[in-house]
Each structure stands twice: as C-alpha cells, then as structure tokens.
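*Asks:* Protein chains in written order, with the numbering used here: chain A, 69 to 463; chain B, 73 to 451; chain C, 10 to 374.
Just so you know, the hints here were simulated from the structure itself, not pulled from any lab data. Watch out, some of these pointers could steer you wrong.
[Stated by the list, open to error] Derived, one-sided and incomplete: chain C residues facing chain A with beta-carbon distance under 8 Å: (1) 75; (2) 79; (3) 136; (4) 141; (5) 152; (6) 154; (7) 155; (8) 194; (9) 210; (10) 219; (11) 310; (12) 346; (13) 351; (14) 355.
Source: prediction; values computed, not measured. Backbone N, C-alpha and C define an ideal beta-carbon position, used for all residues, glycine too.
This is what each chain is made of:
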Amino acid sequence: MVMKEQKAPRPVMFGWSNPKFRGVIYQLLVVLCLGAVIWVMAATAVENLHRLGIASGFGFLNQPSGFSIIMSLIPYSEQSTYGDVFIVGLLNTLLVAVIGIVLALIIGFTVGIARLSGNWLVARLAAIYVETLRNIPLLLQLFFWYIGVLRAMPKPAASLEPLPGFFINNRGIVLPSPYEASGFWWFSGAIVLALLIGAGLRIVAHRRQKETGQVFLWIRISVLLLIVLPLIAFVLKGAPLHFELVVLSGLNFKGGVHLIPEFVALTLGLATYTASFIAEIVRSGIESVARGQREAAQALGLTKSQTLRHVIVPQSMRVIIPPLTSQILNLMKNSSLAVAIGYPDLVSVFAGTVLNQTGQAVEVIAITMAVYLVLSLIASSFMGWFNTRYAIVER
Amino acid sequence: MRNRFTVLIIGILIGAALIYFLRPNPPGWEAAQTGASSSIVSVTTPTATAPAATGAATATAAADSTLAAVKARGYLKCGVSQGLPGFSNADDKGQWAGIDVDTCRAIAAAIFGDISKIRYSPLSAKERFTALQSGEIDVLTRNTTLTLTRDTSLGFDFTAVNYFDGQGFLVKKESGITDAAGLNGATICLQTGTTTELNVADYFRTRNMTYQIVAFDRNDETLSAYEQGRCDALTTDASGLYAERLELKDPSAHIILPELISKEPLAVAVRQGDDQWEDVVRWSFYAMLDAEEFGLTSANVDDAKSTPSPEVRRFLGLDSNFGSMLGLSNDWAYNVVKLVGNYGEIFERNVGKESQLGIPRGLNAQWKRGGLMYGMPIR
Amino acid sequence: MTQLTLAPVRRRISAMAWARENLFSSPFNTVLTLAALYLIWLVVPDLLDWAVFRATFTGLDRKACLGADQGACWPFVTHNLDQFIYGHYPEEERWRVDTTFILGIAGLVPLMIPRAPWKRLNALYMLGFFPLAAFVLLSGGRSGLNPVDTSYWGGFMLTLVVAVTGIVLSLPLGIVLALGRRSRLPLIRLLSVIYIEFWRGVPLVTVLFMASVMLPLFLPQGVTFDKLLRCLIGVTLFSAAYMAEVVRGGLQAIPRGQQEAASALGLGYWQSMWFIVIPQALRHVIPGIVNTFIGLFKDTTLVLVVGLFDLFGMVQFQLSDARWSTPQTPTTGYAFVAFVFWVCCFGMSRYSMSVEKRLKQGGSK
C-alpha cells in the first residue's frame, strides 16, 4: 500500500487513498447512521403514543396538580399547576445542593487538612472518616441518616427547646421566622454597605501592598464593619426585625419555618459523603506542592500562615479545582436520591408524582434530564471561570 | 508465531463453547420439565413459565391480537405489585400469592388450562402504566384504581373490578385519634403516584383542615417512616392498611379509622383497542363470580359436570360453545374454577377469614348478599 | 508520608517521647488530641456494645431480639443470608450462581496478580468466555438448563451482575468514545463530546427512570426488553461516558511520537491504535478503571428505585417481613450491607492504589 502511494504522481481528490476524503465519508456515515437511529426511535415513539391513545405534549403543565407538597419555597397549594410543581421541585433541589455544597466544602477542607496534621491521632481519625464514608453507597448512608435523625428526635409534644422559640422534634426543626417591619431596608442596606466597603478595602489594600509592600489587614476591618454597621442600623431604627412565634397546636406546630427531617437527613448525608472525596482531593492538592516550596518560604521569613496563604494554597488550588468541580457536580446530581427518603426534590415530585398522575413519561423524563444537564453545564462553566481567574491572578 | 498459534487455539475453543452453550434446548425437553411440576401450586419453579430466552429481546408475533400472541408465546405476562400482602406478594422462595395473582391465574387457566404458564412482572406504581402501554405485560392485575383519566389519557381499558376498596387511615392508638376529624393538622405518610395523594388533598381541603404530606416512592419506606413516628397517620386503600398493619412491630397498637374517604374500585387493565383480549380478561374474572353464585368451587366442580342445571352446564361448556366465541376452548370456565377457584374462595384465602388479614367481605360480597360483586350472565 | 517518617523515629525514641512529638507538641495539638480521644470514647464503646455485647447472635424469629436493652439483631442477617446472596433465585438452581462466581474468581485473580503469566489469554477469557458462560448459566434456557426469569434474580448476585456487566460493556464503548473525542474528524469529535457530556451531566437515577418508564415507548410495537436488560443498557451507556474520560486520560499520557512512529512504519489508524497506543494507555488507566468500577458498584444500589432487588434492595425487602420486625432490625440490616460494601470497595481501592504505585515506579525508571 505504501509502495502504491509512492508510485502515484499526486493524490486523487476523491479516491479512497485520500485521508481527507476518507474522513468525510466516515463522518457522513456515522452521522447518517446516528440520524437514522434517532429518527426511527422518534418515529416509533410518536407512532406508539398515537396508536395507544396516550396523551402527549406539554399542555399538562398548565393543569392543576391536585396534590400537596410538604416543602415549598414559593406559594404552592393543591390548585397550583404541574408547572408550579416543577418549579417547587427545582427550587428544593437547588436548596439542598447549595447548602450541601457549602457544608461539604467546610467539612471536606477541614478533614483534608486534618489528614496532613502533625497530630498522629487526628490524622488517623480523618483517614478513618474518609475511608469509611467513601466506601459505602450513598443511598445506604441516606437511609442511615434518615432513620438516625427520626430516632434521635422526640415527638412534637415532647419537643426539645434549646432556645426559646426553637423546637426540635421528629417532624423537623421549627424556627421562628423573621419578618420585616418598617425600617428593615435600613438594616439590609447597612449589610450591603459593609460588603461594599470591604470590597473597596481589598482593592486598596492590594494596590498598596504592590506599591509599598506594606500589608494592610483588610479582612479584619471588613468583618468588624459587617458586624457593627447593621447593628447600628438595627438599634437606631428600633429593632425592625420581628420573629413570628411558634405555637404547638393540636398535632403540629403553627407558624415559623419548618426544616423537615428529610431535608436535614439529605443535606447531612450528601455533605458528609461528598466531603470524604473532597478531603482526599484537598490532601493530594496540598501534597502536590513540593516540600522545597515550604522550606523556601520559611527561609524568606514568611510565617506559617503567610506560607499557607501565599505559597501553598494558590498552588494547590490549581490542582484541587478541576476534581473539586466534578465532586460538586456529583453532589448536585446525587441530590436526586431524595426520592428514596421522601424529600420533595425535582425527581421526587416531578419525575415521580407528576409522571404518575399524568402518565406522560417521555415529556417528564426529558424535562428532568434537561434540567440536570443545564445545571451541570452552568456549574461546570462557573467553575471553569473560577479556575481561570485563580490561575491568572495568583501567578 | 507461537503467540498467534495460541490465540488461534483459544479462538477455536471459545467458538466451540459458544456453539455448545447457545444451542437451544432439544424439543420435548420443555414438556418433560412442565410435566414434572405439580399443577396447583404452580410457580414453584419458573421452569415452565419461560420457554423463550430470558434477558433477551422477545418479539411477539401477530402483534394485533394479544390473545394470539399469548398463545404463540406459551405464557401470560401479568403485571403485579412489588409486594402487597393479600393482593400480590412473593414469599421467601419467590412464589406469588394474592387476589390479584389469582385474577391473573384465572386468565391463564381460561387460555391454557394451566396456571403455571405465567410470568409475573413486579412493578412500581410509576412503572405499571408504561409496562402495559409498551406491551411488556399483557394485563395489569396490580391493585390499580379505575379513574376516568387513566381510562382515557393513558391508553387503557379497565375490564372488571376485582376488589371494591376505599381509602382509609391508620393511626397509633396512643395518639388518641378516633375519627378522621381528629386528623386536623396531621402529618400523613403515603405512597406517591397513587390516587391516594389526590384524595387526601380533596378530603382535607373540603373540610378546611390543615395537613402535611410526606410522600415516599415505595410501600416499605412509607411504612417504616410511619413506624418511626414521622407521621401521625398512614393512608392507603383500606385493604392495604390491613395488610400493612400486620407488618408493624405491634399491630394491636394501631387502629384503622372508621371513615373511608374515597371510592377505590381496583380493576384489571388492558391496552385499548384489542376487544377480543378485553373480553377474555373480563369473562375470566366473571367466571369466578358466576361460579360463586352457582355454588361451584374448585372442590365440587368435577361433580357438577353431572348436574341437570342448564345454566351450570352452559357455564361448564357442556352444552355451549361460548369458549370458541371468546377464542378459547369450551371448558375455559371449568378450568378457571378447577384450577383457581371461585371468587369467594380466592377472597377468603387471600384477604378474608382464612388469611391473616381477616377482612370482611363487605362491598365485595355477592350482590345477593348486599355486596357489589355481580357476575354477568354467561349465555 | 507518615509511614516513611515514622519508621526511623520509632527506632530511636521511647513511646513517651513519640507521644510528646506526635500528640502533645503544642497546646493546640494537645487540645486536638484530647478532643479526638473524647470523640473515640464517645463512639467506640457504644458501637462495640451495640454490635457485640448487647447483640443477639442466635434465634429463629423476632422474639430473640426483643430484649429491653437490645443491640444488633444478627440472626436477621444469618437467617436471611441465602436471600441476600441469591435473591429469589430458585434454591435447586443456586449452584449455577456459585459456579458463575467461581468462574469469575478463577479468571480475575490471575489477572490481578501482576506476575501471573498469560495475561492476554486471561483478558480474553474474562471479556469473552466468562460473560457468555455467566449469561448462559444464570439465565438458563439452553444446554439443558432450566430457564430462570430475571425477576427472580436478586441480592448480591444482582449487584455483581449489574456492576460487572456495566464495566465490561462500557470499556469497549468508552475506548471508542475516547478515541472519538481525540479524533481529527470534527463531526466525530463533536458527537463524542456531546455523548460524554450528556451522560455525565445527568444523575443515574433519572437514567434508570428513563430506562424503566421511557425506553419501552421508543421500541417498535411488540418488541419488549426485559426490565433488567433495560436497566443494564442504561447503566452501560451511563458508565461508558465516565469510562471514556478515564481512557482519554490514559491516551493523553502516551506521547504523540508513538503514534507517529507507528504510522511511519506503515500502520493505519486502527492498527496503530489497536497494537501500539491502546495497550499502553490501558495499562496507565487500570487504577482509573478500578475507581470507576468502585463507583458503579456503589451505584448499583440505585436499581432499588426502579424495583430491582440488589443486595440493599433485598435487605430492604426483608425488613418488611413481620417475622423480623424489631426496633433493631433496620439498623442491623443496614449495618450488614454497609459492611459488605465497605469490604468490597475498600479492598478494590487498596488494589488500585498499589497498581498506581507500581505504575509510578515503573514510569520513573
């Protein structure tokens, strides 16, 4: 074959021996095959739905749902539509994901650093944590948490009351819900102001450090401001934040915010499980920074915390972030296991209840999968942006 | 060179193994196996149920007629629940029992005269509709409530109601609740994807009572959450409550509230558009009702063959050709009664006095005794 | 790391000195140590007490486990062990499951030991002969074996069936996708990326739902797939995307020069891939494959949500058995499943780490 090609004076444009031509043909073939498969399946589905007299289309989203959902971040009642159910489920999923991610990061970083601790016992305990949790299926852990949470809590009538107005029982955690009174906007304005000043200070501090080398402790000042400013507003405006009182009436509590046990169990389960993976990522990230770097920083007279902040963390972050991204995505996707313990997330109420009530499997499953896909893409592009930013600012 | 040689030898060996393993069973083998298993408790070994390759795609011939397809296939595919005592429940050894299972057996008896020729598909509440729509099962005998939506938008036809039920509540005795009005503000556990969820909403809303719903995907999860004290009440069909109460640690510590808040006619469903198949399923069930009315049981049906009663003789196919009108053999109804029993028998043995559930006949008594069970005349 | 530094230290100094160095080197460290000790004291005695001292080990039904201060109820596990392993597989046919298991072990062990010879044959056995034999043995209906419907499959056996099938089938698919993602043909590359990112973007639960309630509607009239088979298809398509990313990592580790050298020798694309690049790449990604397998193995528990009874599902199923319903039964059952999964996953992760170490040492030479 090689000989033949050598003999040919110039490659034939449309011959089989021309790799470019061959490539085009291959691609065409693959696309055609794929297209044919998809077309046949779609046509079959349409024909099946039609032949069996199954309703199709997205009209069901406007029909009233007729069932209630235990936890909803938007006003929802039985008269709301299936479309509202979708939004309720989506928001519940996002809520668990966001809180779970924050918790998982906190636990994960703590345990990851603990694994590298000079304290033998602490390092061992951290290792046990990691090896235990990541080798047991998440679904099982969720059941453990759920039963554990339910078992540990008393009945509503015998609720624990750690703080006045706070109740803990096996129907969940009941908190007094804050509601705004006049002058509330001053309070929130003060918080925003403090945040803005903090951000300004940071820029000033960085510039000054670059020019003069002086270190300006902007973090401490910002935190102080964040506490003091809202407090001043709070006092000046006569405590504009009120709390709705919670009362036990009949079988359950009235008023206040309910954190249902399903939510607590799911969040804790997701966070502790994902944290065991994050811990490993953090550990290997920190270990990836060569020992010489630390020694060099010490030789330059940097303190231990300065070494950590300016030498170790920026470098290890670059190793940590890509796998961390996929862990965060995993947590979000794993929140779909809510279906097993009755937390009303997207899969549970939409791909579960709505699918059952309407019987429109194709539409419901397609919407659900699309939502997760979009969420993943958003999260991964955000982390990608975060990664590039980190890489550029901290050279 | 040597390497290539070994690969060649291995290839030949694998090829030989392939031919040996994938060779189909010799003809006649199936019959021998079937003959070996006794007839009444049929599903001991699944041997006889599945001549076709399990796990592989099976194409049913003559797609238009379900009856023809079932006959050609050699077994009936029934959708059942994943475990509801009294209705469809598998024991330790995977043997199915229950009123729904017997309804399915009646159909198999009418078609084949053999109740072992069944393959059961345990289905969740979610899967049952797709399973029937797609032809994965021939008939859905899984406590499914007949509703207008399901009859129309899902592409089903409901044939006969094999159990008239209503939705009730199970509560702990110590809660002090004695009637449904006491449930104001209650947290209620239920299984998602059922009519139950909608009934509860209607019931509480019309009475201006507050409530919270915790919905689980599976039966056992619902029960476990109720038992752990997550909910004040558990709700499902009353028959289901009797069954689930048995699974609790201390059944006597729980009571079923007297009110039934809905009508739950549990019916057998088939795909729309195959009238012959619908007839077969419907009349297989009516045969059990009529048998009870005639006083025919699996024990005395053989003796009844010498009866002078014209309607019984018609029923047994002695002086009639009703079987062939349905596309079945003429002793189809005899087979149903002989192999499965009449409706009273299957009721008592699965959910009634002879079972652990001990549910009274109530609505499910014969029409002559004040119930709703009314076998249509076979003539 | 700690291992390396500890070894020489231990030789020189006493236990007291070691403790001072590793546990009480600073006030902060001392506080940490005390806190850790407190934590251990909180957890370990209670756990032991529950699992051993207050536990019941023998008994025939729930009455054995109704003590006032009852710990774990182990007879629940021992009594139902057969079902936890085989599900509802008919008793007289269970030897077939055992045989399959032995065949699998016989192929797997020499494959895992690096020094064992006949690697290529062994791989052929595992990827060709074994799946076939397992299929025939388990489902029957051929060679004089009684057919066993898949609705009778369950327990640990089903866990293994799902996990092993998923991994064995997703490997070739994953390799093709990884090659596709690195292809020079833009359309092929695009399609591979879309495939991979799609499956990696959706949760397995929705994939299983899709396989169980949506897929049947996409098949022509009269054609139905077994529920288990549909589930396996879903799992395979899903894990192929993850496998593709693992294999891609391995492909990237192979220098381009290798491929160029191969084409200079006159090998075509597929030849150079098959004989030169893939064998090297696969060796690099063994740890990755094992890790994917661990993930898949744990994820098999999710088949519970579509009504298949794997080990965990089987335990859940038995928990609703009135004969064993005691306050401790669920915890005991879950603890048993957790232990089984932990042993399997921990073992595999150790193996993958040792392979990784060996590869690193090999690479640095």
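*Asks:* Decide, hint by hint, whether the structure agrees.
*Replies:* Consistency of the hints with the structure:
1. 75: violated, 17 Å
2. 79: violated, 14 Å
3. 136: violated, 25 Å
4. 141: Nearest chain A Cβ about 26 Å off; hint violated.
5. 152: violated, 34 Å
6. 154: violated, 32 Å
7. 155: violated, 33 Å
8. 194: holds, 5 Å
9. 210: OK, holds: residue 210 of chain C within 8 Å of chain A, min 4 Å.
10. 219: holds, 5 Å
11. 310: holds, 4 Å
12. 346: holds, 6 Å
13. 351: With a closest approach of 5 Å, the residue 351 of chain C hint holds.
14. 355: Since chain A brings a Cβ to about 5 Å from residue 355 of chain C, closer than 8 Å, the hint holds.
In summary, the structure is inconsistent with hints 1, 2, 3, 4, 5, 6, 7 from the numbered list given earlier, while agreeing with the others.
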